[in-house]
Amino acid sequence: MRTYMLRRLFHVVPTVLMISFVVFVMMRSVPGDPVVSVLGDAYTEEDAIKAREAYGLNKPIVFQYFIWLGKLVQGDWGASILSGRPVLQDVLIRLPVTLELIVLSMGVALVIAIPAALIGALRQNTWADYTATSVAMIGVSIPEFFIGVLLLLAFSIGLGGLLPSSGWVYLPGTCPTMLCGVSLWGNMQHVLMPAFALGVGRAAILTRLLRASMLEVIRTEYVTTARAKGLSEAPVVFKHALKNALIPTVTVMGLQVGFLIGGAIVVETLFAMPGLGTFGIDAILARDYQQVQGFALITAFAFVVINLLVDLTYTFLDPRIRYS
Amino acid sequence: MANGSEPVGLKRRSISGGAGSEAGLVVATEVAWPRSAERSESPFAQGVRRLRRSTTSLIGLAIVLALVLVAIFADVLAPQSPIASDQTHTFERPSRDYPLGTDQLGRDMLSRVIHGARVSLAVGVTSVLLALLLGVPLGLVAGFYGGRLDGGIMRVMDLILAFPIYLLAIILMVIFTPTAGVIGTMKVVGAIAIVRIPIYARLVRGSVLSVKEKEFIEACRALGQRDPAIIARHVLPNCLAPIIVTTTLGIATSIIVEATLSFLGLGTQPPTPSWGWDLKANIAFIQANAWLSLFPGIAIFVTVLGFNLFGDGLRDALDPRLK
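If you read the protein sequences in the order shown, they are chains A and B. Per numbering that gives the first Met the number 0, the first sequence runs over residues 0 to 323. Per numbering that gives the first Met the number 0, the second sequence runs over residues 0 to 322.
Hints in this document: simulated from the structure, not taken from any laboratory. Treat the hints loosely; a few may be bogus.
With a straight-line cut-off of 25 Å between C-alpha atoms, the simulated SDA-like cross-links for lysine to any residue are [claimed, not checked]: (1) B:Lys211 to B:Leu239; (2) A:Lys58 to B:Phe175; (3) A:Lys58 to B:Ile174; (4) A:Lys70 to A:Thr43.
Full structure from sequences and hints, please.
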């Protein structure tokens, strides 16, 4: 197990590097020159050449990548071409916002999905099951941003502006500068709608998967045995059935992470949140190479690590699965 | 997954066709395959029969067909031009003249929603077809021949899969530079197709790996059939069920990805009507004119729902064990 984990951790590095390299090459094939936007109206051919030299943009791409990589291992993520701000600093400021959004949305998803799936599977073909499956079907068919718009209409515009439609109030202890609003209540007000917008779709997918695998598990002989030996329904469902039914669900949830990152970009854009998603999309649109590199690095890292965690969850859910 | 997808009829034919004269084997097949009405039906007919029993999938099919008709006859159905602005009629509330109201440029929302179906469906369907066209042959070849070819193809596929899907799609769109019209739409198709090729390649490869070990493939080899013929006539048909199901559900996903790209401003550009773009553009006016964002959103939802319902029904019809 230990060697397996070490080996997997060892694989994280080349995967992340590979993704960052592909992004590096791709961004440099984007039409348009960041130097033009840096210089703006004061653009002259002479200044442009100087600026390119200053940013190292005149060297071959592979060479540029290795310069970036060399600085990276020393903890230098480079600086934004447009604003001059250090990329690592910006990423660290924005990371807590996105982490909070994603963790809460997964929480929302689990809180909705597990009861819904259990009711659906244990009361199969009753009205409760039909309700759960229909609502889940609707949930998988609505894009996050439309759920967000519906929430905005209900809670920001209707109900007398109960929840704020945009902006952010930091959780106590996460404020990156001296100048931001900090309050637990304010934070909850700001994160509630985005977390629901992102969580509902995930909840729907989870419900469908978990209900299907619960239906399979509940018919197996060991569940019958557990019931026959006189166990009450709760331990049969939670200890025996649910744990095994979670295995295929966890796999798919791992694969969903790629969509979750896109969802975070969209939801943060809609609610104007100062998170990594808005950071990334702004950087890509502005062709700010260094910022895009930082964004790709942290996203790829999160993506690979979460997939690793998913694999490790299997051993907890099913002790028969052993990695060596 | 792949084992479950094998159509009943083909297997039966290959067994009884190969050893029809051996009484013992025929008896054995009889035991393994109980007599039922389904035996005489082709797998396709069975699927259609099961599909017709499912109300929800028929509703899905009806929605899909209706949308296809709307997209094809958009010019006839739309009461006005979707791009002609009318400064005297901006922000009209829904009325008899403007059933869904007008936007900030005085454009008729109903006409925009109707024309938006074109971009949405075109991207949804074409991107999946393109991904199929490239992904299925890659999966077939990789699975059938194995070895280095398999390793090479799958490594490239894994490289694409290693990316969070939206990161790749967004960067591809920035590289392609979003534009309006048919060319703008084709760029979105290309970006989504590239991200989705590995899904089909992997799916098909998995099915091929199990199918190619089957006895009827060995029989084909013994009969002297060439590889391309075996792949086209025997391997591919046995992988079709999961491909069809994933395709239908994949269209739903592609439509959501297209809407999301448009929402981020990276889809087909204005003046070409696109639901995602309209929804985003009208959020600025949501306070007083909620319906402007509501209708494009509902259109996206109904379209995706239609494909999901139909895809679910197809999955149940073609193979109850497929997840």
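Hints versus structure:
At most 25 Å may separate the alpha-carbon atoms for a hinted pair to count; Lys211 (chain B) and Leu239 (chain B) meet this at roughly 14 Å. The suggested pairing of Lys58 (chain A) with Phe175 (chain B) holds, with an alpha-carbon distance near 24 Å, which does not exceed 25 Å. Between Lys58 (chain A) and Ile174 (chain B), the direct Cα distance comes to roughly 21 Å. Compliance with the 25 Å bound is thereby established for this hinted pair. Taking the CA atoms of Lys70 (chain A) and Thr43 (chain A), the gap is about 30 Å. The hint is violated against a cut of 25 Å.
Of the numbered hints listed earlier, the single one contradicted by the structure is hint 4.
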